[in-house]
Amino acid sequence: MKILIAGVGNILRGDDGFGVAVAQTLIENNNFSERVEIFEAGIAGIAFVQELMNEYDALIIADAVDRNATPGTLFVFEPEIPEINGAAASADFHSTLADAHYTEPTKVLTLARALNVLPPKVFVVGCQPAGYDEFGAEMSEPVKRAVPLAIGRIKSLIESLSR
1 MKILIAGVGN ILRGDDGFGV AVAQTLIENN NFSERVEIFE AGIAGIAFVQ
51 ELMNEYDALI IADAVDRNAT PGTLFVFEPE IPEINGAAAS ADFHSTLADA
101 HYTEPTKVLT LARALNVLPP KVFVVGCQPA GYDEFGAEMS EPVKRAVPLA
151 IGRIKSLIES LSR
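Numbering follows my numbering, with no gaps: position 43 of the sequence shown is 43.
Some hints here could point you the wrong way.
[Said to hold, decoys possible] Taking lysine-lysine and the BS3-like style, the derived pairs with C-alpha atoms no more than 30 Å apart in a straight line are:
| id | residue 1 | residue 2 |
| --- | --- | --- |
| 1 | K2 | K155 |
| 2 | K144 | K121 |
| 3 | K155 | K121 |
| 4 | K2 | K144 |
| 5 | K144 | K155 |
| 6 | K2 | K121 |
[Claimed, not checked] Beta-carbon label-pair distances, calculated as ranges:
| id | residue 1 | residue 2 | range |
| --- | --- | --- | --- |
| 7 | D66 | N31 | 28 to 34 Å |
| 8 | M1 | E141 | 18 to 24 Å |
| 9 | E78 | I27 | 20 to 26 Å |
| 10 | V117 | K155 | 21 to 27 Å |
Treat the hints as calculated values from the structure; they're not laboratory data.
No experiment lies behind these values; they were computed from the predicted model shown.
C-beta: ideal position from N, C-alpha, C; glycine also.
Make a model of the complete structure from these sequences and hints.
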């Protein structure tokens, strides 16, 4: 099984850099098999979609996810990815293409589905941010502490996917 781990977010917006921090840590300590790729997507929507063109069986996204929980709380879930019927006529599809160089994961996943490059299994390992509105801020302590915990969750997901 070929798996992509993608860390997304904006490192210039404090806790929004959570996914990138996870990807950077995994890259530094990569002990996965050659069937697992780690991609620091950041805010690069088109580059993310292009990476998905490499035909993965599963995608694990690390990202800051605001669910009004205690900062640092982790969530593991399968995201809802909308189908686009008549993509060329869809306003949502056009808006996705318009800002796909700098975009949120939902739009990237929607575009990947429309292009038939979305893996059959998609998971998000999300972390509740304390905040991410201030540019230049560091990640909060609860979110920093969640990075190694998220890596543990990702490793568990990979183990269960590989069975």
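Each hint tested on the structure:
Distance check on the hinted pair: K2 and K155 sit about 14 Å apart at the alpha-carbon level, within 30 Å; holds. Of the pairs offered as hints, the one joining K144 and K121 holds, with about 27 Å between alpha carbons and a cut-off of 30 Å not exceeded. Our distance criterion of 30 Å between C-alpha atoms is met by K155 and K121, whose separation comes to about 15 Å. Note on K2 and K144: the hinted pairing holds, with a Cα-Cα distance of about 28 Å set against a maximum of 30 Å.
About 18 Å separates the Cα atoms of K144 and K155, which keeps this hinted pair within 30 Å; it holds. For the hint pairing K2 with K121, the CA-to-CA distance comes to about 11 Å; that is within 30 Å, so the pair holds. Take D66 and N31: their Cβ atoms lie about 31 Å apart, and the range 28 to 34 Å holds. Between M1 and E141 the C-beta distance comes to about 35 Å, which lies outside the given range of 18 to 24 Å.
Range check, E78 to I27: Cβ separation about 25 Å, and the 20 to 26 Å hint holds. Here the CB-CB span from V117 to K155 is close to 25 Å, well matched to the stated 21 to 27 Å.
Comparing the model with each earlier hint shows a violation of hint 8 alone; every other hint is respected.
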